Amino acid sequence: MSKKGLIFNIQRFSLHDGPGIRTTIFFKGCPSSCLWCQNPEGLSSSKELFQSNAKCIGCHTCLENCPEGAISFDGPEPVNDRSICKLCMSCADNCPTGALEAIGKEMTIKEITNEVLKDRIIFEESGGGITLSGGEPLQQLDFVIDLLKAMKELNINTAVETSGYVSIEALKKVSTWTDLFLYDLKLLNPEKCKEYTGISSKPVIDNFKYLAQNGSQLVVRMPLIPGINDHHDHLRLMADTLKENGINELELIPYHNIGAHKYRGLNMDYQLQELEPPSKNQMAAVREAFLSEGISTTSEV
Amino acid sequence: MTTKLRGMNERIKMLRLQSETTTPTISIERALLVTEAYREHYGKVSVPMLRALAFKNLMEKKTICINDGELIVGERGPQPQSAPTYPELCCHTVDDLEVINKREKISFAVSDEVKQIQQKEIIPYWKERSIRHKIFEQMTEKWHECYQAGIFTEFMEQRAPGHTVAGDKIYRQGMLDLKEEIGRELEAIDYENDFEASNKSEQLKAMAVCADALITFARRHAEKAREIALNTSNLERKEELYNIASICERVPAHAPRNMWEALQYYWFVHLGVITELNTWDAFCPGRLDQHLEPFYSRELAQGTLTREQAKELLECFWVKFNNQPAPPKVGITLKESGTYTDFANINLGGVKSDGTDGVNDVTYLLLEVIDEMRLLQPSTNIQVSKKNPDLFIKKAGEVIRKGWGQPSVFNVEAVIQELLAQGKSLVDARCGGTSGCVETGAFGKESYILTGYFNLTKVLELTLNRGVDPQSGKQLGLDNGDPRQLKTFDELMKAYAAQLEYFIEIKIHGNQVIEKIYTDEMPAPFLSLVIDDCIKSGRDYNCGGARYNTNYVQGVGIGSITDSLTTLKYHIYDHQTFTWDEVLKFLSDDFSGREETRQLIINKTPYYGNDDDYADSIMQEVFHLFHRLVDGRKTYRGGTYRINMLPTTSHVYFGSVIGATPDGRKANSPLSEGISPVQGADLNGPTAVIKSAAKMDHLLTGGTLLNLKFSPQVLAGEKGLQSLVHLVRAYFRMDGHHIQFNVIDADTLRNAQQNPEEHRGLIVRVAGYSDYFNNLSEQLQNEIITRTAHRSF
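In the order they appear, the protein sequences are chains A and B. When the letters of the first sequence are read in order and numbered with the working numbering, they come out as residues 1 to 301. When the letters of the second sequence are read in order and numbered with the working numbering, they come out as residues 1001 to 1793.
Calculated directly from the structure, the hints in this document are not laboratory data. Hints may contain errors.
[Stated by the list, open to error] When the alpha-carbon atoms are kept at most 20 Å apart in a straight line, the in silico SDA-like pairs for lysine to any residue are as follows: (1) 1604(B) x 88(A); (2) 1395(B) x 125(A); (3) 110(A) x 1613(B).
Since we're looking at a predicted model, the values are computed, not measured.
Kindly generate the complete structure, drawing on both the sequences and the hints.
Encoded structure:
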């Protein structure tokens, strides 16, 4: 039980990741690299340093605390030379304002369980539980299975949010301990999928079929990215795929750029900087299109 | 800008508009009538009889007001929004009246005529006779120093004890029935063996005079209604006025027979209580849905009342509360309670006297009324029991999430256990509830007096300065020695405890003297008529006549004191981040030039409100200390001291008298309110807040106040509403006493944009994603602000 998972956030009072009030555990590391990703801190499977210049008060505490001499000041905020930085996080640990922050923490099952159990009464009252998210939680398969088992022994409801890009064997193992899958279907066309998410859609679709046909509880979610996956042919293909597998409900998640600032903080490029979220009319049209194909959709306001 | 007129029909819209748009004024009529009675009777009759004759003079002579279109009649002043003064309690100077007239907030128009009468008639008589004058004369110098320094406030210095709620007896007994009871008690007095015999006799006779006076007051309304009817051409209104006249002849002399009579009866009693004295929390019908249900269902079955008619009566009733602003407050009392609200707080739901589910059809009707009226007064709350259906919370939740602050939510099982722990009977506990802000009481049977707010954080400031107040340089407290010599956190807590005990002694000693002044000079024979067991015991409400007598001291700023102590423990004793020298220096400098230190404290200290035992256990320690020092002491009139944890607006005042605190709070800024975490200190969401708050033993209090802030999007939709229900149920399962959902508005978000530090924990939801508001780009923040301003459910 001394295994550790790399976790980048534990969020209590999650209302939109399964039934009831839930605690969502975000796993670091993802096989995909979707252009629209709003949790870019979940992409890399190593720890990272996150920098929010808005919080920096220019106190130079980081400069004094860096053992490698990686930090320098040209202007008001620190510049970290990533070729020298060894991610010891001494700067983040000592930063008074949290302008420098370590992303990713190695946690044991016990540590996570302690956090999760804090809201046990709230789970019981609301029919909630935990949701594993990310990143792609199933990247840390062994740890995830141990965690799910531990949760089921404690009578905690479990949900797993996945991109589906895992081996079928892995998925089978996980499904034993999972009450609900929140399953992402983003782009069904293999080439398009590769182009925009960096992975092939084939295993994603195969795994979806397996889960749908083997009685797993399944909520299918589709991020709606204007100009990328919202054209009519793709919507129809999506509808057909769902129907063929006995699914007639879909949760739509309209694109938003709420995570754009995180790319800056991680020193990454955000390629969809100019993309506008879908308008109300666009959303209505998409929902209409699905409805005409016999798929009812839900979408948060 | 056009304001939408609210109300179910034209009548209500008009009455509500009148209530909302009339400027509050000061009326001198009551002052004149009371002075007249005192001039005539003072020294010639007993004190209770003097008070009864003053009440009689008011009821016989005060202006009768019946507003156009209203169905429930009677005003405290000569017209809506007109507040009388109570010179026997607080004799305003002409300067006070000028301030009341001109101040920016909570002002009342004062005419020159009123000022002149005050100068010529009122001040000469009352200047040295008012309770306020006597209290300030009799308090010790030490008490005055502490009072001025803001260590505590004093509720009774210009307003009378009240803090109570009507039970159900007025729906069964008329004033004439009560007079019969009084007669029986008078007969039974044992003049030979009972040392209190003549006091009892005077008290009972005074109560009988008050009962007759209220009947007279109602009959004068009947006459007025007939008089108006004669000059009314509208036939419908004419008939209504004749109905009003018959009702005013029936009640309060006799028990009510239908819902209209029941409401009118209560309203006369309400006016009686708030005209007799300026009681804190005005007065309140308490469990209105349960009281009205028998009338409502019977009349509905008989076909003499429709649901719409019942609603119209209730909406008329609502307007009456809003027509009575809290009497004008001055000085520190205004600072601790800066509002027009007079804290009548109507209870819905709960359980019945036999312990079964108390939610009924009137409960749901009242929720509609609350939502439709959206008035400042009356305040409303729901009493949630495990026996109530979720539908009840959901229906209330639909109103709550609209974000105008009502109704608040209480835990019936906690309230009952609190009352039982204080020694009430099970049935009395079940028939109790909460009033004022959050105070637990046995309705109709208890005098539960708030005596003053207590500044828990100020005591730490004094502890760190060897008892000297840095604001004035005066030695107020004990010299507990140099904090630098405190070797452990436990030693610090001991020093704090000694200092706290010292100031609580001063507060309670003062309370005893004040209580004696009220007992001797300011009985309330009318209020005593309606609160059991004043008739039976022949003792006044203000002299321990109620079945249960409780005094409260209210602890303020538990979040701030906890975080301050936690900071000292964490950074001085456990992690040696700072030395005492450094801490004392940055506190006296108000963190000037030490922003990184302040940031380090704010960002790297485990604070209360995050479900972290490190801080939460210190909260428990302070709470138990405060409880131990206050709870169980005896009051002058034979009651018991208890604590509760609520601030009204005193957390702002108390903050203004304290310099920088160890938790990073800058000098003079507000303290945390109620038992809520320090503003911006809770970073783990609402479940962590309720967990932290529930680590306090609520059942040892007579009320706690927890405020949870939400952006409207979080509570949107069916899921949001369900989550609200679940949070309530979870908090209450952990014995939480009260929870209030503060749905933030666009202005709050704009403020968060300007002052991000105070809103660090503020989570907003944007189309499928949640994030801390502070972390969003300005552009996105603006978008959410716009959306919040135009939200709809």
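Going down the list of hints, with the structure as the test:
no.: 1; hint: 1604(B) x 88(A); verdict: 18 Å, holds
no.: 2; hint: 1395(B) x 125(A); verdict: 18 Å, holds
no.: 3; hint: 110(A) x 1613(B); verdict: 17 Å, holds
Hint violations for this structure: none, all hints satisfied.
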